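**Q** With UniProt numbering as the guide, the letters of the sequence shown map in order to residues 1 to 152.
For the record, the hints were derived by calculation from the structure and aren't laboratory data. Note that the structure is a prediction, hence the values are computed from the model and not measured. Backbone N, C-alpha and C define an ideal beta-carbon position, used for all residues, glycine too. Take these hints with a grain of salt, some might be off.
Stated by the list, open to error - In silico PhoX-like cross-links for lysine-lysine, where the CA-CA straight-line distance does not exceed 20 Å: (1) Lys56 - Lys46; (2) Lys62 - Lys40; (3) Lys46 - Lys19; (4) Lys136 - Lys125; (5) Lys63 - Lys32; (6) Lys100 - Lys125; (7) Lys136 - Lys119.
To be verified - Quick list of simulated restraints, FRET-style, between CB atoms: (8) Lys59 - Ser30: 19 to 27 Å; (9) Met105 - Asp145: 17 to 25 Å; (10) Arg64 - Thr9: 45 to 53 Å; (11) Arg67 - Tyr97: 35 to 43 Å; (12) Arg144 - Thr107: 46 to 54 Å; (13) Pro102 - Tyr52: 38 to 46 Å; (14) Lys136 - Asp113: 37 to 45 Å; (15) Ser30 - Lys136: 57 to 65 Å; (16) Asp91 - Gly66: 23 to 31 Å; (17) Lys40 - Gln74: 43 to 51 Å.
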Amino acid sequence: MTYTHLTTTELVMIEAYYKEGITVSNICQSLKRSRQTIYKVIAYLKAGHTAYDYYKDYKANKKRCGRRQTQITQSEQDFIQRHLELNSSLDVVKGTYPDKIPCSMRTLYRLADRGIFKKEDLPWKGKHQPNGMAEKRGKQAFRRDIRERSEI
């Protein structure tokens, strides 16, 4: 079963219903939420706070959740940057020195997106080509195509 968090509109509705004096069971029925959820918000409102304060606290607590971003040491960063300046790509550096770099190739590209590595030093300067992209440079338009060659 998945649990959904209260939205800002639901918080404002709970606050408005509470100020009007509507019972918790009626609030639960109208918002289709459990009593415990409504009681938590009402207890917070009784302490002298607003729905906006509740949402700010929720956002502050939410920042501490989730996986931490990958960090690499300064020596590893310098090692990779030195190889990038020698015109190597991140996957070549990771493939050549797998023991010296603690993270995956994909993580290295994410670190480049975050600005830890200079994108200008990458071979494609950090620009990604979509899958199936064919390079159109250098196409010789002045040559005969297949239909013209078959007629001869």
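**Q** If a hint holds in the structure, say so; if it doesn't, say that too.
**A** Status of the hints after comparison with the structure:
1. Lys56 - Lys46: With Cα atoms ~17 Å apart, Lys56 and Lys46 stay inside 20 Å; holds.
2. Lys62 - Lys40: 17 Å, holds
3. Lys46 - Lys19: 10 Å, holds
4. Lys136 - Lys125: 19 Å, holds
5. Lys63 - Lys32: The given pair, whose Cα atoms are some 27 Å apart, is violated under the 20 Å limit.
6. Lys100 - Lys125: 24 Å, violated
7. Lys136 - Lys119: With Cα atoms ~23 Å apart, Lys136 and Lys119 exceed 20 Å; violated.
8. Lys59 - Ser30: 19 to 27 Å: 25 Å, holds
9. Met105 - Asp145: 17 to 25 Å: With a Cβ separation near 40 Å, Met105 and Asp145 fall outside 17 to 25 Å, so the hint is violated.
10. Arg64 - Thr9: 45 to 53 Å: 25 Å, violated
11. Arg67 - Tyr97: 35 to 43 Å: With Cβ atoms ~25 Å apart, the hint is violated.
12. Arg144 - Thr107: 46 to 54 Å: 49 Å, holds
13. Pro102 - Tyr52: 38 to 46 Å: 42 Å, holds
14. Lys136 - Asp113: 37 to 45 Å: 26 Å, violated
15. Ser30 - Lys136: 57 to 65 Å: 59 Å, holds
16. Asp91 - Gly66: 23 to 31 Å: Between Asp91 and Gly66, where Cβ atoms are some 27 Å apart, the hint holds.
17. Lys40 - Gln74: 43 to 51 Å: 45 Å, holds
Hints 5, 6, 7, 9, 10, 11, 14 from the list above are not met by this structure, while the remaining hints are.
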